[in-house]
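Q: On the provided structure of chain W, position chain A as indicated by the hints.
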Amino acid sequence: MADLSVMLSGIKLDNPIIPASGTFGYGREFSELYDINILGSFSFKGTTKEERFGNPTPRIADTPSGMINSVGLQNPGIDKVINEELPRLKKTFKKPLIANIGGFSVEEYAYCAQRLNTEDQVGIIEVNISCPNVHGGGMGFGTSASSAAAVTKAVRSATKKPVYIKLSPNVTDICEIAKACEAEGADGISLINTLLGMRIDLRTKKPVIANKLGGLSGPAIFPVALGMVYRVYDAVNIPIMGMGGVSSAKDVIEMMLAGASAVQIGAENLVNPYACRNIINELPEVCERYGIKKISEITGGAH
Amino acid sequence: MTEGKYEIIENTKIAADVFKMHLSGDTSALTRPGQFVNIKITGYFLRRPISVCDYDGTGMTLIYKTVGGGTEKLSEMPAGHTLDLLVGLGNGYDTSRSSSAPLLIGGGVGVPPLYGLAKLLLSEGKKVTVLLGFNRKEEIFLDDDFRKLGAEVHITTADGSVGTKGFVTDAMNGISYTYFYTCGPMPMMRAIAKCAKTQGQYSFEERMGCGFGACMGCSCKTMFGTKKVCTDGPVFESEEIIWQT
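Residue numbers (the working numbering), protein chains in the order written: chain W, 2 to 304; chain A, 31 to 275.
Fair warning: there could be bad hints in the mix.
[Said to hold, decoys possible] Distance condition first, Cα-Cα at most 20 angstroms in a straight line; then the derived PhoX-like pairs of lysine-lysine:
#1 A/50 / A/70
#2 W/81 / A/257
#3 W/81 / W/91
#4 A/251 / W/81
#5 A/103 / A/50
#6 A/43 / A/103
[Stated by the list, open to error] Chain W is nowhere near these chain A residues, computed Cβ spacing over 10 angstroms in every case:
#7 54
#8 192
#9 268
Hints were generated in silico from the structure; no laboratory data involved. On a predicted model such as this, the values are computed, not experimentally measured, just so you know. Heads up, the beta-carbon is just placed ideally off N, CA and C, and yes, glycines get one too.
Chain W with its partners taken away, still in its complex shape (with noise of 0.2 angstroms):
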């Protein structure tokens, strides 16, 4: 059987798999329908400061091979998740856990980092600088290397914790992005997140969206999640955690290829609640039927 065991900034995951952040709270709803600690690890729900409603309803969307969401950061706020989330958690999943963070300001970066720097279940740090969702934060720190390189300066000095930088895809060039972030110090680069897109209303003639705009997933966006993920790769030394769109094993493989470490399964938990545990089943025969013997060799096999 392959050896499905990866390596992610000296922490041992064993098997690439990774629900990403927002698409499974904090592991509660679905610890009820399976064993999470089959997982190599979760993202879990953007926090923030302080606690957040988000958007206005409607915040999701049908699309072609995909949805739509403008959910914009809610969570309980950092206080919560570490005194009430995490210690709910431990009891359920045993293994690191990567915290994903959110915020408006660099200090608000820092801020949580710093917080989540003494929690031991903590593995690694996700540095959301791309949700779409968040007006004047999120994406804003995203879309310019400056202040993408500003944001992992801040949070590098809050915390000893590996530090991976969360990258929007809608920008004009994620790899100076990604080089920036890695010239400041991130342990590694997680994309992509959403890509802004829209629906409107036939019966209404207008968004569906509240918000109007909001952040597509889904397997409509893999091709391009691929596309970007080996055009990181090339461009730094450092991990990648690839997503976008991600709904099977095959993907799972061809994201590798292309050049990440390990992989994150996002909308596809949100239709199919057993997606991970079925992919992870998945793999061994996948490996096999493609001559795959250890799953962390093929890590940019494609270049």
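A: Structure of chain A alone, referenced to chain W:
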């Protein structure tokens, strides 16, 4: 919540744009009337949430309206076809607060979940009155089914073609009740909130990503903090609802 395959036994039109689908399969995850299922429809990414009208040990009945491509495709599926469902979603109606004479108020495609509720309330020995609102005669459905159960049925139509002319709120004052349950369009439920004489339970609709609490797509503000329509609802009690204007 369970995920499983369900065979379509029947899928027929029962009123304008309204279809009745009977599915056979495991219903053990359904515990209350007012819960819903989330249906995978080939060719569409997101599942379509549909409330359960009635269920027994062998299957369930769904009544749905065609409102877009997904539900239109669902309406064309023949008997024998198999569907992938997430079953047992949402909290459902709580009958313990109904007292002796509950009123069930349904508007249009909000009527179906009240059928299973009426059945349960009647089995508990309650006197059930049902008030159904439709736009016109051609849209009316389930009225005879409620009568067959033994409920007293009142109908309003916006055009006056059947029953009281107007909206459900025009007929509510003439009915005596101890508690109410409702499901229907937001303007109807908002109007009910203004003229109701007792507390009650409202079933809400919202666009959902997952239907089981993971995506936070259907969040709402309540008197007791942020809740999710899919897992904390879709049924909310009048005391917790904040009516947005």
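Q: List in ascending order the numbers of the hints, as given earlier, that are violated by the structure.
A: Structure breaks no hint.
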